[in-house]
Amino acid sequence: MTTQSAVVSSLESVDGTAIIHAGDYINKLSGEQIEHECKRKLDEGCKEIILNFADTEIVNSIGISILLGVIDTASNKGAKVVFSDMNENTVELFEMLGLTKHVTLA
Amino acid sequence: MAEHDHKLIHAFGALAELGQEITNKNNFQETIRTSLHLISGALGIMRGAVARFSRFGHELNMLAIRGLGDDFPLSLSLTLEDERQFLSCGLTPIDIQQAKVLPFFQVYDASFERRGLELFVPLVVRDEIVGAIFLGEKATGEAYTNYEKEIVCAMGQHIGVAIAQRNLMAEIERHADENRQLFDEMRSTYHDTVKAFAAAIDCKDKYTEGHSVRVGKFSEIIAMELGWGKDEIEGAAVAGYLHDVGKLTVERKIINAPYRINAKESKELNGHPGVGYEILQPIHHPYTDVPLAAKYHHERLDGRGYPDGLYDREIPYIAKIVTLADSFDAMTTDRPYKARRPAKEVVEDLQRNAGKQFAPELVTAFLGGMLKELQGQDKTKRFRRLLGRDYMEAEGIVDTLKYTLNEMAPTTPMTYVAAAGQVIL
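Quick mapping for you: the protein sequence lines, in order, are chains A and B.
Counting with our numbering, you get residues 1 to 106 for the letters of the first sequence.
Counting with our numbering, you get residues 1 to 425 for the letters of the second sequence.
Quick caveat, the hints were computed from the structure, so don't treat them as lab data.
Treat the hints with care, since some could be wrong.
[As the list claims (entries may be wrong)] As a list, the in silico EDC-like pairs of lysine to aspartate or glutamate whose alpha-carbon atoms are at most 20 angstroms apart:
| # | chain 1 | residue 1 | chain 2 | residue 2 |
| --- | --- | --- | --- | --- |
| 1 | B | Lys344 | B | Glu373 |
| 2 | B | Lys379 | B | Glu225 |
| 3 | B | Lys100 | B | Asp70 |
| 4 | A | Lys39 | A | Asp15 |
| 5 | B | Lys344 | B | Asp334 |
| 6 | A | Lys101 | B | Glu142 |
| 7 | B | Lys372 | B | Glu407 |
| 8 | B | Lys253 | B | Glu142 |
| 9 | A | Lys77 | B | Asp71 |
| 10 | B | Lys7 | A | Glu88 |
| 11 | A | Lys77 | B | Asp70 |
| 12 | B | Lys402 | B | Asp334 |
| 13 | B | Lys195 | B | Asp289 |
| 14 | B | Lys7 | A | Asp15 |
| 15 | B | Lys356 | B | Asp312 |
| 16 | A | Lys39 | B | Asp70 |
| 17 | B | Lys217 | B | Glu373 |
| 18 | A | Lys101 | B | Glu251 |
| 19 | A | Lys101 | A | Asp85 |
| 20 | B | Lys267 | B | Glu251 |
| 21 | B | Lys338 | B | Glu348 |
| 22 | B | Lys204 | B | Asp334 |
| 23 | B | Lys381 | B | Glu234 |
| 24 | B | Lys7 | A | Glu57 |
| 25 | B | Lys217 | B | Glu137 |
| 26 | A | Lys101 | B | Glu137 |
| 27 | B | Lys149 | B | Glu137 |
| 28 | B | Lys149 | B | Asp95 |
| 29 | B | Lys7 | A | Glu92 |
| 30 | B | Lys338 | B | Glu225 |
This is chain A alone, in the form it adopts within the complex (with noise of 0.2 angstroms):
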């Protein structure tokens, strides 16, 4: 499944678990419809949330805040946050600040 820029799509969660793909661009309105799909996806029970970033070009200041609040929303719910698909600069600025030590990679 493919998505436009800076919109995201989430497919139906399956066994309790909901895959959420990122637009190129996670900036503050990007980030936000993630946190929300995410947020949505945790309020009908999923345990498990894949964010895929396949399409992820960029991430901002911002989109990586929000991104913390993601994980920790999911940690506080008892659900755990796959990263999936990112290319080697997000892995390595999610490395940098931290992300992956509270993610699985994918």
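Mind docking chain B on chain A? Use the hints.
Chain B only, in chain A's frame:
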């Protein structure tokens, strides 16, 4: 690229965005919320808050919170000792673990520890505490480095300025409100004074009791019918209230004379417009034409008035309004040597003298207002209140008004045909 350089570039990007966010005219609350995101995102901080300092309550009130939970206190008190310490530190991050000597960190120790808060940054702008930033642990789990603390300081400076600016704006708005209130009070005092003056003028003349007040009201009606703005209408009313202020210096027996006064007495009485002007001129009125209305309210369009025998366009407009209001009141009230004239006759007199004594468009506006009231289109009962119901509802007055207005300001088809030379009655 070394990780340190990479971190620096990322933090600079956040700092640039913060500057942009603060200079944009966004909603203040949203700006602070975004600022907190930018600090957190720049350094990978899991949780934090930004608070504004209230110097009246000596407390830090939360503006934005991230990840601190619903039970984190929204308002934190400071003691004078805390404030002194924060002011002397300036904008320097304080390590919460090592600052427990201060009452602030002792009182809230449990709350801060439960949420893993590590840094407290007092926001000091121009030697005043404006707020504070609370920052939790970093996602890496590592301690804050000195360079990261410097970045926090730089970002905190921006946020502090945004809060100080907001405080300043709120103060300006508060002052503006106070000024508006003060102005309204002064305005009301001015109007009360004007009315008191009008009553004082009227006291001199027992036969024309209430004359100045009525001229004020009639002038107000004319200005309203001309479609003037609120301030201009008020100005016209004031000009009417004060038009006879010069009479204060005229002998009471001359004003009250129950006979036609002689030439000498007439000279004294006719000097009242000039005297009124002299009295009113030094006063700073919110409405500029008030002294002119007093000076020229006995001038006539045909140049036969006094004191200067001015012609039509030489007479200030406000004076023309007061002239009409003054004459109308003289005709509709009992005088020592003349009884009140019936409304119908007064209307005919105004028409006859339009263009000679009175400005025709003012007569039309005034009579138009009267007709609107009598036909029920205007419910304010302004004329009935000033002249009495029986007087205003005399038989034939509505027809006279319609006829007069039709002649003075032709608008109906009948006059259109008449103007074309085929009179059909």
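Hint-by-hint comparison with the structure:
Taking the CA atoms of B:Lys344 and B:Glu373, the gap is about 15 angstroms. The hint holds against a cut of 20 angstroms. With a CA separation close to 14 angstroms, the supplied pair B:Lys379 and B:Glu225 stays within the 20 angstroms bound. Note on B:Lys100 and B:Asp70: the hinted pairing is violated, with a Cα-Cα distance of about 24 angstroms set against a maximum of 20 angstroms. A distance of roughly 17 angstroms separates the Cα atoms of A:Lys39 and A:Asp15; the hinted pair therefore holds under the 20 angstroms criterion.
Taking the CA atoms of B:Lys344 and B:Asp334, the gap is near 16 angstroms; set against the 20 angstroms cutoff, the hint holds. Restraint check for A:Lys101 and B:Glu142: satisfied, since their Cα atoms lie roughly 12 angstroms apart, inside the 20 angstroms limit. Simply put, B:Lys372 and B:Glu407 have alpha-carbon atoms about 17 angstroms apart, close enough for the 20 angstroms limit, and the pair holds. As the CA atoms of B:Lys253 and B:Glu142 are separated by approximately 100 angstroms, the hinted pair breaks the 20 angstroms bound.
With a C-alpha separation of about 17 angstroms, the suggested pairing of A:Lys77 with B:Asp71 holds against the 20 angstroms cut-off. A C-alpha spacing of about 16 angstroms is found between B:Lys7 and A:Glu88, which places the hinted pair at or below 20 angstroms, so the restraint holds. Between A:Lys77 and B:Asp70, the direct Cα distance comes to roughly 15 angstroms. Compliance with the 20 angstroms bound is thereby established for this hinted pair. Restraint check for B:Lys402 and B:Asp334: the C-alpha separation of about 26 angstroms exceeds 20 angstroms, so the hint is violated.
Proximity of B:Lys195 to B:Asp289 is assessed by CA-CA distance (about 17 angstroms); at most 20 angstroms being required, the pair is judged to hold. At roughly 39 angstroms between alpha-carbon atoms, B:Lys7 and A:Asp15 are farther apart than 20 angstroms, so this suggested pair is violated. Note on B:Lys356 and B:Asp312: the hinted pairing holds, with a Cα-Cα distance of about 9 angstroms set against a maximum of 20 angstroms. Proximity of A:Lys39 to B:Asp70 is assessed by CA-CA distance (about 16 angstroms); at most 20 angstroms being required, the pair is judged to hold.
At roughly 15 angstroms between alpha-carbon atoms, B:Lys217 and B:Glu373 fall within 20 angstroms of each other, so this suggested pair holds. Distance hint between A:Lys101 and B:Glu251 is unfulfilled; the C-alpha atoms sit about 101 angstroms from each other, more than 20 angstroms. Of the supplied pair hints, the one linking A:Lys101 and A:Asp85 holds, its CA atoms being roughly 17 angstroms apart against a limit of 20 angstroms. The suggested pairing of B:Lys267 with B:Glu251 holds, with an alpha-carbon distance near 12 angstroms, which does not exceed 20 angstroms.
With a C-alpha separation of about 18 angstroms, the suggested pair B:Lys338 and B:Glu348 falls inside the 20 angstroms cut-off, and the hint holds. In summary, the hint linking B:Lys204 to B:Asp334 is supported, as the alpha carbons are separated by about 16 angstroms, within the 20 angstroms threshold. In summary, the hint linking B:Lys381 to B:Glu234 is supported, as the alpha carbons are separated by about 19 angstroms, within the 20 angstroms threshold. Distance hint between B:Lys7 and A:Glu57 is fulfilled; the C-alpha atoms sit about 18 angstroms from each other, no more than 20 angstroms.
Between B:Lys217 and B:Glu137 the alpha-carbon distance is near 74 angstroms, which puts this suggested pair outside the 20 angstroms criterion. Note on A:Lys101 and B:Glu137: the hinted pairing holds, with a Cα-Cα distance of about 13 angstroms set against a maximum of 20 angstroms. Simply put, B:Lys149 and B:Glu137 have alpha-carbon atoms about 13 angstroms apart, close enough for the 20 angstroms limit, and the pair holds. Using a Cα cut-off of 20 angstroms, the hinted pair B:Lys149 and B:Asp95 holds, with the two alpha carbons roughly 10 angstroms apart.
Under the criterion of a C-alpha separation no larger than 20 angstroms, the hint pairing B:Lys7 with A:Glu92 is consistent with the structure, at around 10 angstroms. Taking the CA atoms of B:Lys338 and B:Glu225, the gap is about 30 angstroms. The hint is violated against a cut of 20 angstroms.
Consistency with the previously given hints fails for numbers 3, 8, 12, 14, 18, 25 and 30, ordered from lowest to highest.
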